[in-house]
Amino acid sequence: MLTVGDKFPAITVPVQQGGELPAGETLDLAETNGKWKIVFYWPKDFTFVCPTEIIGYGDLKDDFDDRDAVLIGASTDTDFVHYAWRKSDERLAAADFPWIADNKKELANALGIVAPDAGVAYRATFVVDPDNVIQHVTVNGLNVGRNPQETLRILDALQTDELCPCNWTQGEEVLRPAA
Numbered sequence: 003m004l005t006v007g008d009k010f011p012a013i014t015v016p017v018q019q020g021g022e023l024p025a026g027e028t029l030d031l032a033e034t035n036g037k038w039k040i041v042f043y044w045p046k047d048f049t050f051v052c053p054t055e056i057i058g059y060g061d062l063k064d065d066f067d068d069r070d071a072v073l074i075g076a077s078t079d080t081d082f083v084h085y086a087w088r089k090s091d092e093r094l095a096a097a098d099f100p101w102i103a104d105n106k107k108e109l110a111n112a113l114g115i116v117a118p119d120a121g122v123a124y125r126a127t128f129v130v131d132p133d134n135v136i137q138h139v140t141v142n143g144l145n146v147g148r149n150p151q152e153t154l155r156i157l158d159a160l161q162t163d164e165l166c167p168c169n170w171t172q173g174e175e176v177l178r179p180a181a
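Quick note: the sequence shown uses my numbering, first residue 3, plus one each step.
Treat the hints with care, since some could be wrong.
Below, in silico cross-link-like pairs of lysine-lysine (DSSO-like), each with a Cα-Cα straight-line distance of 30 angstroms or less [claimed, not checked]: (1) Lys63 - Lys37; (2) Lys106 - Lys46; (3) Lys46 - Lys89; (4) Lys63 - Lys107; (5) Lys9 - Lys63; (6) Lys9 - Lys89; (7) Lys107 - Lys37; (8) Lys46 - Lys9; (9) Lys89 - Lys63; (10) Lys37 - Lys9; (11) Lys106 - Lys63; (12) Lys89 - Lys106; (13) Lys46 - Lys63; (14) Lys106 - Lys9; (15) Lys89 - Lys107; (16) Lys107 - Lys46; (17) Lys106 - Lys37.
Derived DEER-like restraints, expressed as beta-carbon distance ranges [claimed, not checked]: (18) Phe48 - Pro179: 17 to 27 angstroms; (19) Pro167 - Ala96: 28 to 38 angstroms; (20) Asn149 - Phe48: 19 to 29 angstroms; (21) Pro179 - Leu23: 47 to 57 angstroms; (22) Pro179 - Glu108: 40 to 50 angstroms.
Bear in mind the hints are in silico, worked out from the structure with no lab data behind them. Bear in mind that the values here come from a model prediction, so they are computed numbers and not experimental data. All C-beta atoms, glycine included, are put in the ideal place defined by N, C-alpha and C.
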């Protein structure tokens with residue numbers, strides 16, 4: 003599995019976003035436009051835990067935007083399955099960020115996050131800096147959801163470029179060791 007310090011794969015992937023039928027939209031993951039990326043995978047559309055995470059990240063989209071971070075969701079479903087799922091649930095439709103349709107598992111395999119027995123992606127989250135270098139990774143098993151607020155806290159800490167103690171949150175003092 004790729005980890006901290008590795009380059010995020012610079013590939014172009016199909017995506018679905020918003021309420022329109024998919025029409026071949028893609029996202030070039032090599033492009034950063036000087037922004038951070040939060041890429042989070044869920045195992046499958048039309049499941050139980052996954053929508054709670056997508057909605058949770060979607061609720062924080064403006065906070066990620068304020069920190070010059072682009073929110074990108076992903077699963078190994080197709081763009082049409084993503085579209086159908088968004089159409090079936092207004093809360094998912096409101097999660098207005100691109101969803102990678104990695105049904106060929108090209109990105110999931112490059113990241114090393116495919117669960118061998120299930121054949122779907124683990125619940126993996128990557129925080130990627132503007133140089134396309136992975137700065138944080140978390141991976142949960144298939145049955146345990148993540149805390150999107152924790153991803154935001156980690157991003158805040160990474161962006162300070164300082165020593166941040168346990169449970170540090172934005173606005174608190176960072177550690178300044180005596181020389």
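Problem - Indices of hints not satisfied (ascending) - result: When the structure is compared with the hints, numbers 6 and 18 turn out to be violated.
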